[in-house]
Structures are given as structure tokens and as C-alpha cells.
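*Asks:* Take a look at the letters that make up each chain.
Number of protein chains: 2
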Amino acid sequence: MNVPAFSDLNPPTRILLGPGPGMTHPRVVRVLTAPTLGHLDPELLKIYSEEQELLRYVFQTKNEWTFALSGTGTSGMESALTNLIEPGDLVLACVHGYFGARLAEIAERLGATVDRIEKPLGQIFSVDEIEAALKKKKYKLMTIVHAETSTGAEQLHIKEIAAAAHKNGVLIVLDTVTSLGGIPVKIDEWDIDMAYSASQKNLGAPSGLAPITVGPRAREIIEKRAKPVSSFYLDLKQYANYWGGAHGYHHTASASLHFGLREGLRVIAEEGLDHTFARLRSNAEMLWNGLEDMDIPPFIPMEYRLPPLTTAKVPAGCDPHEVRARLLDEYNIEIAAGFGALKDQVWRIGLMGYSSRKENITLFLAALKELLK
Amino acid sequence: MNVPAFSDLNPPTRILLGPGPGMTHPRVVRVLTAPTLGHLDPELLKIYSEEQELLRYVFQTKNEWTFALSGTGTSGMESALTNLIEPGDLVLACVHGYFGARLAEIAERLGATVDRIEKPLGQIFSVDEIEAALKKKKYKLMTIVHAETSTGAEQLHIKEIAAAAHKNGVLIVLDTVTSLGGIPVKIDEWDIDMAYSASQKNLGAPSGLAPITVGPRAREIIEKRAKPVSSFYLDLKQYANYWGGAHGYHHTASASLHFGLREGLRVIAEEGLDHTFARLRSNAEMLWNGLEDMDIPPFIPMEYRLPPLTTAKVPAGCDPHEVRARLLDEYNIEIAAGFGALKDQVWRIGLMGYSSRKENITLFLAALKELLK
Numbered sequence: 001m002n003v004p005a006f007s008d009l010n011p012p013t014r015i016l017l018g019p020g021p022g023m024t025h026p027r028v029v030r031v032l033t034a035p036t037l038g039h040l041d042p043e044l045l046k047i048y049s050e051e052q053e054l055l056r057y058v059f060q061t062k063n064e065w066t067f068a069l070s071g072t073g074t075s076g077m078e079s080a081l082t083n084l085i086e087p088g089d090l091v092l093a094c095v096h097g098y099f100g101a102r103l104a105e106i107a108e109r110l111g112a113t114v115d116r117i118e119k120p121l122g123q124i125f126s127v128d129e130i131e132a133a134l135k136k137k138k139y140k141l142m143t144i145v146h147a148e149t150s151t152g153a154e155q156l157h158i159k160e161i162a163a164a165a166h167k168n169g170v171l172i173v174l175d176t177v178t179s180l181g182g183i184p185v186k187i188d189e190w191d192i193d194m195a196y197s198a199s200q201k202n203l204g205a206p207s208g209l210a211p212i213t214v215g216p217r218a219r220e221i222i223e224k225r226a227k228p229v230s231s232f233y234l235d236l237k238q239y240a241n242y243w244g245g246a247h248g249y250h251h252t253a254s255a256s257l258h259f260g261l262r263e264g265l266r267v268i269a270e271e272g273l274d275h276t277f278a279r280l281r282s283n284a285e286m287l288w289n290g291l292e293d294m295d296i297p298p299f300i301p302m303e304y305r306l307p308p309l310t311t312a313k314v315p316a317g318c319d320p321h322e323v324r325a326r327l328l329d330e331y332n333i334e335i336a337a338g339f340g341a342l343k344d345q346v347w348r349i350g351l352m353g354y355s356s357r358k359e360n361i362t363l364f365l366a367a368l369k370e371l372l373k
Numbered sequence: 001m002n003v004p005a006f007s008d009l010n011p012p013t014r015i016l017l018g019p020g021p022g023m024t025h026p027r028v029v030r031v032l033t034a035p036t037l038g039h040l041d042p043e044l045l046k047i048y049s050e051e052q053e054l055l056r057y058v059f060q061t062k063n064e065w066t067f068a069l070s071g072t073g074t075s076g077m078e079s080a081l082t083n084l085i086e087p088g089d090l091v092l093a094c095v096h097g098y099f100g101a102r103l104a105e106i107a108e109r110l111g112a113t114v115d116r117i118e119k120p121l122g123q124i125f126s127v128d129e130i131e132a133a134l135k136k137k138k139y140k141l142m143t144i145v146h147a148e149t150s151t152g153a154e155q156l157h158i159k160e161i162a163a164a165a166h167k168n169g170v171l172i173v174l175d176t177v178t179s180l181g182g183i184p185v186k187i188d189e190w191d192i193d194m195a196y197s198a199s200q201k202n203l204g205a206p207s208g209l210a211p212i213t214v215g216p217r218a219r220e221i222i223e224k225r226a227k228p229v230s231s232f233y234l235d236l237k238q239y240a241n242y243w244g245g246a247h248g249y250h251h252t253a254s255a256s257l258h259f260g261l262r263e264g265l266r267v268i269a270e271e272g273l274d275h276t277f278a279r280l281r282s283n284a285e286m287l288w289n290g291l292e293d294m295d296i297p298p299f300i301p302m303e304y305r306l307p308p309l310t311t312a313k314v315p316a317g318c319d320p321h322e323v324r325a326r327l328l329d330e331y332n333i334e335i336a337a338g339f340g341a342l343k344d345q346v347w348r349i350g351l352m353g354y355s356s357r358k359e360n361i362t363l364f365l366a367a368l369k370e371l372l373k
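Residue numbers (the numbering used here), protein chains in the order written: chain A, 1 to 373; chain B, 1 to 373.
Rather than coming from a laboratory, the hints here were simulated on the basis of the structure.
Glycine residues also receive a C-beta, built at the ideal position from the N, C-alpha and C atoms.
Errors might be hidden in some of the hints.
[What the hints assert, rightly or not] Distance windows between CB atoms, simulated:
hint, chain 1, residue 1, chain 2, residue 2, range
1, B, GLU330, A, GLU271, 37 to 43 Å
2, A, ALA316, B, LYS227, 43 to 49 Å
3, A, GLU270, B, PRO12, 53 to 59 Å
4, B, LYS62, A, GLU303, 52 to 58 Å
5, B, LYS136, A, GLY245, 48 to 54 Å
6, B, LYS62, A, SER49, 45 to 51 Å
7, B, TYR249, A, ARG225, 28 to 34 Å
8, A, GLU43, B, LYS369, 23 to 29 Å
This is chain A alone, in the form it adopts within the complex:
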């Protein structure tokens, strides 16, 4: 067998303005090089406890079961569902984009009977629409995406939607992958039963960890399950026993990734959530104004437009994919195509975490202007 020989790793320095990952914060990059620790080292357990407190701060929750899972945001999504769902359960999936549909698909794979209500891409649900659907059957849980990365729409009224769910005896699972650390997420005030996110968007860390938080109703269901969760890897009872309690072995978590996430969260805590959100919004407005000036209007109405992810309408006669390729090749700027039916109609431009800086926006707008000349 041939021995493969490859050159040194020298990836280009990208300016990541896509739907995630955002750029790794330089403070996070530095801690990645700290000497690694064993997964049961008392010093790592201390770091977990600090990381938990920081996660509770960004989630705005007191939930004891608040961890970072050893996987990407999709592992958080799957863990939320696999811990709550048993085969035959009824699930209401509110779908206003690709990630809402992914939640429905995962619930079905787990043996749930899933009813979908759907909005066209770029729209969001009213509380009434969800309330009406909740009344139709005796659902165990409902799923909804707070910030749809596929469209750039923020689902508003989450507090009212959660109240409607609970009035009907239904749990609410909230996807906060693109919202956490980017716009306000208030788990306790909104009374959310389960929410998960990802380390590589607004939290400034590399991908590979999925923050998750479990409210009291969801925790009780998990603790009282008769049948074990079908996934051992994503079993939240095992996580609770590893991060807390007896600190029993479950899997070999990546100390290096936890170093990074703790640092990314610390950057946010030092600036403060409110200041962070205000800065990210002001940067997004700069992008939106610049796009409007070039007759490339954002696709989502201002009322529920997401600062961390903007969809912008491709001008007539322009090949959106060629522009994307040239931004990457000539300027090292990554943006993304639209999703699904929006593939040729919009670009997706992310301003997530450390990617959201004025210099990146100015460069992006100037580069786009040159390419569209």
C-alpha cells in the first residue's frame, strides 16, 4: 500500500460571512493551543463548571442541566428530540425553513408521528396559527426554529408560542443555533423546555460543541423514561452524570474545544449580552444600508430580519454562484447561496460573532460593488 505524502497545511485566510462557521475569535484561537487535559481531570471539571455558568448566562437560564454536547449543532437538535421522543409520540413541527424541516425529519426517524405546519420561505408564524394547530391533537411536543439560517427570518413571539404550547400540555423545543449570542434568547422568561445551539456561530469558537439546556418539564420526562434513550451518545442523563453528580465516564470530551468555547463565552460575558446584541445589530444595519444603496435589498422585512444572517436579493441578470465563487477566489470572502427554492434568488450573508466587524462589512460591500460593475 502506498504511503500518502501531503504538504504542510496552509489553508487560505478566509473572511467567513456565510451561514456559519463564523470566524474564530483570536482569543479562542490562542486557548486552543493550551496543553490538553484528560476528560476526567479535576481541572477540566472546574472548566466545565465555569462553562456551564457562562452558558446559563447566554441562555438566560438557571437550568441545572445546561451542557455543551460533543458534536455539532445537529447533535444538539438530535439530542433534544431523542431524549424526549418515544416511538409513537405525536409531534407538531412548525416549519418555516430548512432547519424546521430537519427537526421534523429527525423526529420521524425516531418513530414519532409528525404533523407539519408550514410557512413559505421567508415568512414566520403568528401565535394564532400555532395555537390553532396545537389544539388539533394531543401533541407531546412542538418544535420551532428561533432564527432560520436558511432564510434569515427571526420567529417572533416565542414567549407567547411557548405559553400556547403549555396551555395545551405540549412541550416546546427551540432551535437557537443562529440566535444564541446573536440576538436575545431568554430561556427562563420564555419558559422554553429544551433549547440547543452550536459553538461556531455567534459564540466565536470552532464547530464541534452543541450547547443545550433542559427545563424542568423536559428534565422530568427524561428522568422518568421507562425505556432508555435510543442514542447512548446523546443521552442527557449520561451527560448530567458526567458534568455533575458522580462525574462518571461517558465519552472522551475534547478539552481543547471546551477551552475554546469557554473563552468565546467569556468574550461575550465581558462585553455583556446587551452591548453585544446592540453592536451586532448596528453592524447588520450597516450591511443592510449598504446593500439597499446597491439595489440589493434584504429579502426579509425589517420587523423580523436577523442581524446574524441576511438574505439579499440577487440583482436581475447576475449569476449569484459566479459572484460567490469570485468573492471566495479573489477576495477570500465566503458567503453562501440561498437554500432550496431560494437557491438562485438570494445570497446568504452572515455576520456572526467575530465575523461581525465593520472592516469586514466595508470590504464585502466594496468587493461586491467591484464584481457587479
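Mind docking chain B on chain A? Use the hints.
*Replies:* Chain B alone, transformed into the frame defined by chain A:
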């Protein structure tokens, strides 16, 4: 809500001589700081293709479906099983330690009917024992651990065991978490249907990625499944479509971790597998001789003793946990306790990847000698 404030991250510099993680290779540490890439960046796809070629080299296979999953070794274990098992399938689990038992548990969680055959901790199976068990029922697959991290025993005769499995129409899933890159693993020569490992043991990278390789029989079963795999996150068809084919989006893989794993694999390829194995074995012999000299004999007979993980009998009258704690506190050396019934009887001393260096062994033996005075 209080804003948590924590100090800069300054973990101690541990010498990791436990059951994994091994120490991160300094070349790997350096590439972790390379600017990160989006999960669909053409430059990352090139890196995947090189990483695949390197993984095929350490697995000694031509299997096209050879990837690194976005999770720890346990995610590899779970992926191997969830992609092959459908509820009601018959599984034969050969258990000669904790990880063999974990395979059985995961198979049961997935709805398989699992028969276990067991060996006392520290022993391995003969081919005859497995062959006799294989004949009892019409099993779909059998599971076995190549290098039991809980005991330090190498299961020999894997090629003959695989042949026995195939003679009976049974697939073989092999756990190579502690063997890959540490002792010879020959997927194609042994005709293994599915094997998985972990990035943080002999491959010198941080935890967080699970190399996996899928042979033709297993791949055919997966491609022909009527029902989708219950786990979307660990669905190997989705991985095949992300790493190859259309490079379709599946999840946001961690470019930083892939940079690290590629570099760890490159270190091995540059030294060559045979030289790597010979060096690791010679280092382990140095440890074994040193332990024998101190009347702390290894627990596993030489015939199937694992260089990457040694279990050593705790001397009479010695508190093994106090010694471990003092090694960590006073010398920054991590070793582990025994597993399960062996908890108070043995220490587990790992010499994995970059941890396996003469200077570490000399220091460990000298420190242990001081503590046992």
C-alpha cells in the same frame, strides 16, 4: 442575572499517561491555530480527500467510505451500529471488557436482540469460542473490541474470527479505538466489515473526531436499507454524500479538528506504520521492564499485552487512588484506575501516540518509585 467573570485559561501541563486522550502532538497543536474554513469550502474538501487517503493508510484499506465523524470514539461506535441494525436484528456481542459491553448496550438501545458471550476481565476469546457462538443462531452481525482499553488486552486472531463470522453469514464490527495507529490494524486483509476509532489516542490529535471505515458488505446493507437510520447525525449515507459525491450539506464539521487529525495522521505516515509500531512497542517494553523491576507486574500476559495501554498490578498495602492523585498533583502525570472489578487492583498506564516517549516513561517510573518509598 449575574454576569459570570472568570480568569484567563491556564490549565496545568499534564503528562497524559492514561487511557486517552494521549498528548496532542506539537505539530497538531500548531495547525489548530490555522485560520478556519467553512464546512463546504473547496479548500476543506481537498483536506478531507487527503485525510481520507491518510485514514485508509492507517486502517490499511481501500474502502471508499472512510471518513472521520464529527464526534468522539463513542459516536463512531454508535454510528457503526445504528447504520447496520434495524429493530429485531440478532446481534452477537463478544465481551471481554467494558467497551465490549458498551457495544452490546448500544445495540440493545437500537432495538436489537443481543446475545453476549463473555470472558473474565483480562482474558481474550479463542476463535473456537466465537465460532461455536456464531453457529447457535442466525446473527446479523457480531461485535468485538480489538484493544480493550478497560483491561489492556489485545484480542488476537481477528482475521480468523472475521472468517468465521463470514462463513456463518454474519458481519463483523471491530472497535479499533485504542489499536488504530498503535498496533497493526489491517481492515482489508482481515476482511472487516466496519471499524471505527478515535482521534485522541494513537493519532496524536484532540478528541472530537471518530475515524470510521465501511467495507463492501456493510455498505451494501446500508445503501439498501428500507427504513432510514434512526440517527440523522450519524447517518453514513449522509456522510458519503458530504465527503464525496455532491458534497451536500449535512452538518457543520469542525475544520480546526480536521486540520489536527490530518496532521496527526501525516506524522504517522512520515514515520511509516511499521516504524511507528516498532517504536511504540519498544517504549512499552521499557515501561514493562521498569514495572517488573519494581515488582509491579503487568496484568496481561505478554502474548496479548497492548503497547498503548498497560494494566499493572497495584502492590499489596498500597492505596492505588492516593498514588494516582499524588502523581497528578505533584508530578502532573495522569494515569487511570482500573475499570469495574479491577478498580482497586490495577492501574491503567497509557503510552499512546505522542505520550509514548522515553522521557515520559523514565519520569513516570522514577515518580512512582518515589511515591512507593
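*Asks:* Take the hints in turn and mark each one as holding or not.
*Replies:* Okay, the hints, checked on the actual structure:
Taking 37 to 43 Å as the suggested C-beta distance range, the pair B/GLU330 and A/GLU271 conforms, at roughly 39 Å. With their beta carbons about 45 Å apart, A/ALA316 and B/LYS227 fall inside the hinted range of 43 to 49 Å. One distance hint, 53 to 59 Å for the beta-carbon pair A/GLU270 and B/PRO12, is violated here, with the actual separation near 24 Å. For the pair B/LYS62 and A/GLU303, the supplied restraint of 52 to 58 Å holds, since their beta-carbon distance comes to about 56 Å.
Checked against the hint of 48 to 54 Å, the C-beta distance between B/LYS136 and A/GLY245 comes to roughly 40 Å, which is inconsistent with it. B/LYS62 and A/SER49 have their C-beta atoms about 46 Å apart, which keeps the hinted 45 to 51 Å range intact. Between B/TYR249 and A/ARG225, the C-beta spacing of about 32 Å keeps the proposed range 28 to 34 Å intact. Judged by the Cβ atoms, the range 23 to 29 Å given for A/GLU43 and B/LYS369 holds: they are separated by roughly 25 Å.
In this structure, the earlier hints numbered 3, 5 are contradicted, and the remaining ones agree with it.
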